[in-house]
Every structure is written in structure tokens, then in C-alpha cells.
Amino acid sequence: MLTGPSTVPFQPLHMQADLSGRVLVLDSGVGGLSVQREIKRAVPEAGLLYLADRAAFPYGDWEGAALRDHICDLVKSVSAVWQPSAVVVACNTASTLVLTALREFLPVPVIGTVPAIKPAAEQTRSGVFAVLATPGTVKRDYTQDLIDDFASQHHIALVGASGLAGLAEDKLAGRGVDLEHLRREIAPCFTEEDGKRTDCVVLGCTHFPFLREEMEQVAPWQVTWIDPAPAIAKRLVQVVERGDVATGCDDLFFLTG
Numbered sequence: 001m002l003t004g005p006s007t008v009p010f011q012p013l014h015m016q017a018d019l020s021g022r023v024l025v026l027d028s029g030v031g032g033l034s035v036q037r038e039i040k041r042a043v044p045e046a047g048l049l050y051l052a053d054r055a056a057f058p059y060g061d062w063e064g065a066a067l068r069d070h071i072c073d074l075v076k077s078v079s080a081v082w083q084p085s086a087v088v089v090a091c092n093t094a095s096t097l098v099l100t101a102l103r104e105f106l107p108v109p110v111i112g113t114v115p116a117i118k119p120a121a122e123q124t125r126s127g128v129f130a131v132l133a134t135p136g137t138v139k140r141d142y143t144q145d146l147i148d149d150f151a152s153q154h155h156i157a158l159v160g161a162s163g164l165a166g167l168a169e170d171k172l173a174g175r176g177v178d179l180e181h182l183r184r185e186i187a188p189c190f191t192e193e194d195g196k197r198t199d200c201v202v203l204g205c206t207h208f209p210f211l212r213e214e215m216e217q218v219a220p221w222q223v224t225w226i227d228p229a230p231a232i233a234k235r236l237v238q239v240v241e242r243g244d245v246a247t248g249c250d251d252l253f254f255l256t257g
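Last residue of the sequence shown: number 257 in UniProt numbering, and the count goes up by one each step with no gaps.
Hints were generated in silico from the structure; no laboratory data involved. Remember, it's a predicted structure, so these values are computed and weren't measured experimentally. Misleading hints may appear alongside valid ones.
[As the list claims (entries may be wrong)] Pairs of lysine-lysine, DSSO-like flavour, derived with a Cα cap of 27 Å:
id : residue 1 : residue 2
1  : Lys234    : Lys118
2  : Lys40     : Lys234
3  : Lys118    : Lys196
4  : Lys118    : Lys40
5  : Lys196    : Lys76
6  : Lys40     : Lys171
7  : Lys196    : Lys139
8  : Lys118    : Lys139
9  : Lys171    : Lys196
All chains should be built: construct the whole structure from the sequences, respecting the hints.
Written as C-alpha cells, this is what we have:
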């Protein structure tokens, strides 16, 4: 276990086992488990290392440059010990900042998680959809570039929800979900434009799929919820050589802090 968000070098509890060749999945908390779940469906034999950077949770509250430097330091030290076959940044906020920097020093594939704006633009029938993400993801130039490239003719509500990641953490910890709080957080997603209304909501944070059932309960009307996790797993399969990935071993889970 790490002692803090900038601990370097990383020392994994004096473990003697060979950890090399597993796929490293990184998030600030439990949200990346939605991506880990899809990776296991796509490549069930692959060994995974899941790192929840709890000492730095939530990433959405960080200033951009500081978060980029923190994640790069963390991944650099972790990779030196674990020697992963690939790194999956299972967080939209982090991915909008760190992918280029990580690819500059890592010798293995780096797969990011970005808002599924292109799929939403392809699936919407009304031309009105929402991107539900953390405030950090909503304000990034990366997100606006995706809109300009793939959805410039659509009406898009960019909704920065500051409390949903915490609600997802609560749910997975068995503490229940405050449905009224959830209702308030997602309400700005549901808009009407020229008689047409939101028909798709992009889940722009890997925590959010764990709240899908509750969001369906409190939504004012039915929409398509777009989860990017299956596409991330598919991309991993495309870019990683199967022979480089450790197989036949247990998945391991670590926390910082």
C-alpha cells in the first residue's frame, strides 16, 4: 500500500510473486471496476492489476497540471515494479490530461477513457444528447475537441456533476444511494430543443455505470445510457499482443493512501 499520492518509488508490500505482464487498470477509486469488468469479459484469461488511487480521490477536484504530474509519477513508479503489459487509464478526467505524457515514457500500450461523444452522435435520433461527467472532464479542451470533431451539429448539454462519483463509492461500499441527490445531479441532462428532447446520455465517468439502475429510476423520461467500457476493452484487445499478457494468474487489487 502506498503512503500517499506522490510516493515514489512504489513498494508493493514486499510481495515476492512475479507481477509482470498483467494489465494495469488505474482509477481514483472503484469507478474503473466498470472497465475492469468489461476487460474480463473480453479477455477472461488475462491477469489484471487494479490500482485505486484513493489517496488522490476525487480526480475531478484536482487542478489539471498537478493531476497530470501526479498520475505520471504514480504510473512511472508502479510500472517500474509491476512491468505491466499495458496500462488502462480507467478515468475520463485523467485521460483527458495524461495519455500523451504516459505514452512518452511507457514502452507498452496506453489505453484511455474519453467521453463517448462520437457514439452518442451516431446513436441519437433527436440530435439532442447530454454528456454527464465530472466538472474536470466537462471543462477540458479534449472534450470540446471531440464535440467539434464528431457532434458539432448536435445540441449537447455538458453536465459537470460533482457528487456522483461519491454516490457510486457509497453504493459499492453498501451505504445506499441518496436518490434525491442523484435526481438533482442528473436533472440538467434532460433538455428540450425545438420540440426535441434528450434521448442519449453519455456516462463520462467510469463511476457512473454503477448508478445506472438508480438513474433510470429518477430520470424524467427514458434515454439511452452510453457506457464506454465495452469499447475500452475492445481497444485493449486490438492493441495488445496476447502473448505479452500474463494469463492463468489471479487479479490483484491495490489502494493508495
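Right, here's what the structure says about each hint:
The straight-line distance between the Cα atoms of Lys234 and Lys118 is roughly 16 Å, inside the 27 Å bound, and the hint therefore holds. A threshold of 27 Å between alpha carbons decides the hint, and for Lys40 with Lys234 the separation of about 11 Å falls inside it, so the pair holds. For the given pair, Lys118 sits about 20 Å from Lys196 by alpha-carbon distance, which is consistent with the 27 Å threshold. Taking the CA atoms of Lys118 and Lys40, the gap is about 25 Å. The hint holds against a cut of 27 Å.
This hinted pair does not check out: Lys196 and Lys76 have alpha carbons roughly 47 Å apart, beyond 27 Å. For the hint pairing Lys40 with Lys171, the CA-to-CA distance comes to about 22 Å; that is within 27 Å, so the pair holds. Distance check on the hinted pair: Lys196 and Lys139 sit about 25 Å apart at the alpha-carbon level, within 27 Å; holds. Taking the CA atoms of Lys118 and Lys139, the gap is about 18 Å. The hint holds against a cut of 27 Å.
Distance hint between Lys171 and Lys196 is unfulfilled; the C-alpha atoms sit about 33 Å from each other, more than 27 Å.
Violation of the numbered hints given earlier is confined to hints 5 and 9; the remaining hints are satisfied by the structure.
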